[in-house]
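With chain A held as given, fit chain B with the ligand onto it using these hints.
Protein chains in written order, with my numbering: chain A, 1 to 133; chain B, 1 to 389.
Any given hint might turn out to be false.
[Stated by the list, open to error] Distance windows between CB atoms, simulated:
1) B/G308 / A/S35: 35 to 41 Å
2) B/G251 / A/D105: 28 to 34 Å
3) A/S35 / B/V63: 50 to 56 Å
4) A/D120 / B/V63: 56 to 62 Å
5) A/G22 / B/G308: 56 to 62 Å
[Claimed, not checked] Below, a list of computed lysine to any residue pairs in the SDA-like style, where the Cα atoms sit at most 20 Å apart:
6) A/K7 / B/D132
7) B/K118 / A/P76
8) B/K118 / A/F75
These aren't lab readings, by the way, just hints derived from the structure by calculation.
No residue lacks a Cβ here, since even glycine has one placed at the ideal position from N, Cα and C.
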Amino acid sequence: MNASRIKPPMTEDNGWWWEEVGRDRLPIQRCTACSTLRHPPRPMCPRCRSMAWDFIEAAGRGTLFSYTVLHHPQFPGYDYPLTIAIVDLEEGGRICTQLVDCERDDIKIDMPLEMFIHEDADGFKLPMCRPAA
Amino acid sequence: MSTALHNTAAIAGIGQTTYSKCSGVSELALACEAVSRAIDDAGIEPGEVDGLVTYTLDSSDEVEVANSVGLGDLTLFSQINYGGGAAVGLVHQAAMAVATGSAKNVVVWRGMNGRSGKRMGQGVSGTIISSDIIHWSWYMVYGMLTPASWIAAFTTRYMHEYGATSEDLGRIAIAQRKFALNNPNAAGYGRPLTMDDYLASRLVAEPLRLYDCCQETDGGCALLITSVEHARDLRQKPAVIRGVCQASSRGQEQMTSFYRDDMTSLPEMELAARQVYAQSGLGPDDIDAACLYDAFTSEILVQLEAFGFCARGEAKDFIADGALEIGGRLPNNTHGGLLSEGYIHGVNNIAEGARLIRGTSCNQPEGVEHVLISSGVGVPTGAMILGQA
Ligand SMILES: [Zn+2]
Chain A
1 MNASRIKPPM
11 TEDNGWWWEE
21 VGRDRLPIQR
31 CTACSTLRHP
41 PRPMCPRCRS
51 MAWDFIEAAG
61 RGTLFSYTVL
71 HHPQFPGYDY
81 PLTIAIVDLE
91 EGGRICTQLV
101 DCERDDIKID
111 MPLEMFIHED
121 ADGFKLPMCR
131 PAA
Chain B
1 MSTALHNTAA
11 IAGIGQTTYS
21 KCSGVSELAL
31 ACEAVSRAID
41 DAGIEPGEVD
51 GLVTYTLDSS
61 DEVEVANSVG
71 LGDLTLFSQI
81 NYGGGAAVGL
91 VHQAAMAVAT
101 GSAKNVVVWR
111 GMNGRSGKRM
121 GQGVSGTIIS
131 SDIIHWSWYM
141 VYGMLTPASW
151 IAAFTTRYMH
161 EYGATSEDLG
171 RIAIAQRKFA
181 LNNPNAAGYG
191 RPLTMDDYLA
201 SRLVAEPLRL
211 YDCCQETDGG
221 CALLITSVEH
231 ARDLRQKPAV
241 IRGVCQASSR
251 GQEQMTSFYR
261 DDMTSLPEME
271 LAARQVYAQS
281 GLGPDDIDAA
291 CLYDAFTSEI
301 LVQLEAFGFC
311 ARGEAKDFIA
321 DGALEIGGRL
331 PNNTHGGLLS
341 EGYIHGVNNI
351 AEGARLIRGT
361 SCNQPEGVEH
371 VLISSGVGVP
381 TGAMILGQA
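Isolated chain A, as found in the complex:
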C-alpha cells in the first residue's frame, strides 16, 4: 500500500502533542494551575481558565469505552475493517484511537487495553491500542 494516512495539520495547540508522540510518548495535557488533565489539547483550562500547562506521560493502560468497526467507505492509507476505539485512560481522560491485534469477536466493551506508539512506513507515528497482555 503506497498511500499514507491523512496527517494532522499542526498548530500551536496540537503540534507539541504530535512531537511527543514522535518521541514514543503518549502525552496528556495538564493544567499547571489546577492539575486538571485535558484531551484533546486546548489552549485554556475550562476549569480554572489558566493558559499555563504541561503534560504527563500516560502509562498506556486503559479500557474500551466504545468502538466502531468501519467497513465503508474505504479511504486510501487505511486497512479495513478498521476498528476505532474510544479508550478510557488509567490516568483519567479519554482518547480516540485505533484498536489492532484483536479479532472482531474478541472486542468487548470495558476490555483492558494497552496503548502503544505505532510507526507507519513513512515514519509518521501515532498512538494505537491492543488487548492488554
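Quick look at chain B with the ligand alone, frame taken from chain A:
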C-alpha cells in the same frame, strides 16, 4: 427563557424541488427554485422578502439567490453553522428577526447536490467541511472520517448499556420507509423494506448498516417565515411557532463529543427540549407527531429519551409496537425523513412538520395539534414546536 418567540412567527410557505440522485443543475439553481416556490406557496411577491437565512455549508450566497429570484431590499442575512445542526436554527433566526422587526418575510433554505456533488457520507477528507480542522484532525488521522463513523461510536455504547438491538434500529428504518411509499418525491418511493432486507444490508460503521444511514440527495427546500398576524392573511394555513431554539452544551464537539462521562445521552438535545417546552407551555404529552432529525436510525432512540417521551434506555420499548407509525403514539417523519425521503439537511423535515399542521402530509395522522422538530444530532443543535393558528 424567551417568550418573544412564542406564537409570534409562523411558517407560511413551503417550497421544494424534485429530490433526486442527480439534479443536473447547480446548487444555486436548486436554492432559487426552492426559495421561489416557498414565496409562491405563501402567496407574496418576491419584493416583499426582506430576509434570507441558510447554512454555512450552503454554497449559494444570499445575494446570489436574491439576484436570481428578484428579491429587493434585504434587512437580514445570516448563515448558521454545524451542518444539520443548523436546520431549526434557520427558523430560529427568522423568528427572531420577525419578533424584533428586523425583517418581515424571511426565507430560509438549503440547496445541495448531496449525491452528484459533494457527498457528506464520503467523509471530511479532501474538502474539509469545517474550519475546525484541528478538531477533525484527531479523528481523520485514524480514518474516522464519516458521519456514520462518529454516530456509530455513540450507538455502540448506547446499545451496550441499554440492550437495544439491530432489530430495534431496523424498526425505525422500516417505519419511515413505509411512510415514503406514499411520497412520490421520496427516495424510498416504490421501494418497500423488510426486516430481512434491513438485516442483510451491508455494514457501514458497526453497528450501523446501510439502511441505518440517511439518503444522499440532490435537491432544495425552503420555508417562508412571517408574523402570525401576516400569515393569517396569506394563502396557506399557518404553522405557528410555539417555541424555537438553538442548543449546545458543555463538552460539545462537532459530532465527536466523546469525552463526556456519558455517551448515551444528548445534553444539548435535553437543553433544546427544556427550552421549547418552557417557551410553548407544552410537554411531551402534548406532542402529536414529530420530525426528529434522522441522519441515522439510532439518533431517534436517544432523542425520544431527550424529549421525554420515555425514560432513559427505554426508547426501544417505546417504539416496539409501532409507536412511530400511523395510529401510534408519535408518528415520526411521516414523509420518510432523511432516511427515506431525502437528505436536504433537515429542512425537508421542517417542511413536513408544517405540512402536518396544515393537514397535508402524504401520511396525515388525525388531529395533529402540535409537532416537534429537531436539528442535527451530535452537533450543536436546536428544536421547534409547531402548532395550529
Ligand atoms: Zn486549570
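Status of each hint after checking the structure:
1. B/G308 / A/S35: 35 to 41 Å: holds (38 Å)
2. B/G251 / A/D105: 28 to 34 Å: holds (32 Å)
3. A/S35 / B/V63: 50 to 56 Å: Given range 50 to 56 Å: holds, Cβ gap about 51 Å.
4. A/D120 / B/V63: 56 to 62 Å: violated (46 Å)
5. A/G22 / B/G308: 56 to 62 Å: violated (48 Å)
6. A/K7 / B/D132: holds (15 Å)
7. B/K118 / A/P76: holds (18 Å)
8. B/K118 / A/F75: Holds - the C-alpha atoms of A/F75 and B/K118 are around 16 Å apart, at most 20 Å.
Taken one by one, the earlier hints fail for this structure at numbers 4 and 5, listed in ascending order.
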